[in-house]
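Colleague: Listed below are the residues making up each chain.
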Amino acid sequence: MKMKVEVQFFARCREIVGEKKKELEVEEGMRVKDIIDLLISEYPELKKVKLIASRNHKYAALNTKLKERDVVAVFPPVSGG
Amino acid sequence: MKMKVEVQFFARCREIVGEKKKELEVEEGMRVKDIIDLLISEYPELKKVKLIASRNHKYAALNTKLKERDVVAVFPPVSGG
Amino acid sequence: MITEEDFSMDELVKKLKKPEMGAIVTFLGVVRDEGIRGMEVDVYDEMADEELAKLERDALEKFEVEAVEIVHRKGSLKVGENIVVILVGAKHRKDAFMACEYLIDELKERVPIWKKELEEKSAQN
Amino acid sequence: MITEEDFSMDELVKKLKKPEMGAIVTFLGVVRDEGIRGMEVDVYDEMADEELAKLERDALEKFEVEAVEIVHRKGSLKVGENIVVILVGAKHRKDAFMACEYLIDELKERVPIWKKELEEKSAQN
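Residue numbers (numbering that gives the first Met the number 0), protein chains in the order written: chain D, 0 to 80; chain G, 0 to 80; chain R, 0 to 124; chain Z, 0 to 124.
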């Protein structure tokens, strides 16, 4: 079974990927970590960034399990203020 | 020899004395402490106030010697801010 | 709040004030001249709004404060322009200072906002 | 500066700003509602001006700050009105926070200003 998740990119990650977001069709039961691995295999430059992730607009641990239509965001450490 | 000094009063001290300032004619060589003693003998209510003094607009120790035309101010602990 | 517009401290203070406040401490972050032209501020809006709201609730729980307001700008900002303002109103000043320092420290750790320095004009030739 | 007039934070911040500042911390003291009608602020003007100037020089020597401004009001002030504002601009926020707390602590110790609470209207009948 497949599911769809939306991945959003911010800051340096967006520059590397060249897009604001993309939709991925992945195996059911995938975790945040699996999405990151997928992205790194497609965009090896991402390996140079300390990656932080969120799920549905909240910080998410790497082993967080994803569901259909979840929104995952990937970004470098924040630097506001 | 006599000298003239001006004494100014602030806050609670002004309320007790009932004046903003007065000119005193005192013995030469008098110190801040002597002025305060003079004032207390004239206005015993001042004994109830922790008195702070300045000479020529600067905080002054009690044993500061005064000169002709010096301005002495007498006031309670400050409470601004 | 995240916004592209600049803000007025006077208006924000007026909105924040309550009769029980004796002290209002504010932190204003501005673009500092480090040989740069300015800054591009990138924000993950939905998440930043949530994190800011959470931060404000945190401060109200952790400290003896009456009200808190945070405004962070996004977009292109020139040297000297305001980036962020944090206002904290409390009965007593010590609580306002503590909460305000806490808020800017935490904001820099938690809220998904990124600043990117824009190179000086001369460097573009 | 000692003044009877109210002040604008926006104007004071604008005057304070320098390109090398990254952080401006302000302390605003306001008349707090403690069942009072307001406050009478009494000032020994010549001495207060000197002490405020001394305080500002002190902060510039003791802390890594770029500029400091203090405005204290005198006269009758109602609940909610501004009493004093202290602005500190620095490269880095920690220095600005430290200097600002130092300044309000010292001001309350050293500057010849006295606040007298005005009783509530009901108490006058």
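Don't read these hints as lab results, they were simulated from the structure. Treat the hints loosely; a few may be bogus.
The calculated DSS-like cross-link candidates involving lysine-lysine, where the alpha carbons are at most 25 Å apart (straight line), are [to be verified]:
id	chain 1	residue 1	chain 2	residue 2
1	R	Lys14	Z	Lys16
2	Z	Lys114	Z	Lys61
3	R	Lys61	R	Lys13
4	R	Lys61	D	Lys46
5	D	Lys47	R	Lys14
None of the values given here were measured: they were computed from a predicted structure.
Colleague: Compare the structure with each hint and give your call.
Modeller: Hint check:
1. R:Lys14 to Z:Lys16: Holds. Lys14 (chain R) to Lys16 (chain Z) sits at ~24 Å (cutoff 25 Å).
2. Z:Lys114 to Z:Lys61: violated, 28 Å
3. R:Lys61 to R:Lys13: Given that 25 Å is the threshold and the Cα spacing comes to 24 Å, the pair holds.
4. R:Lys61 to D:Lys46: violated, 38 Å
5. D:Lys47 to R:Lys14: Status violated; Cα separation ~44 Å.
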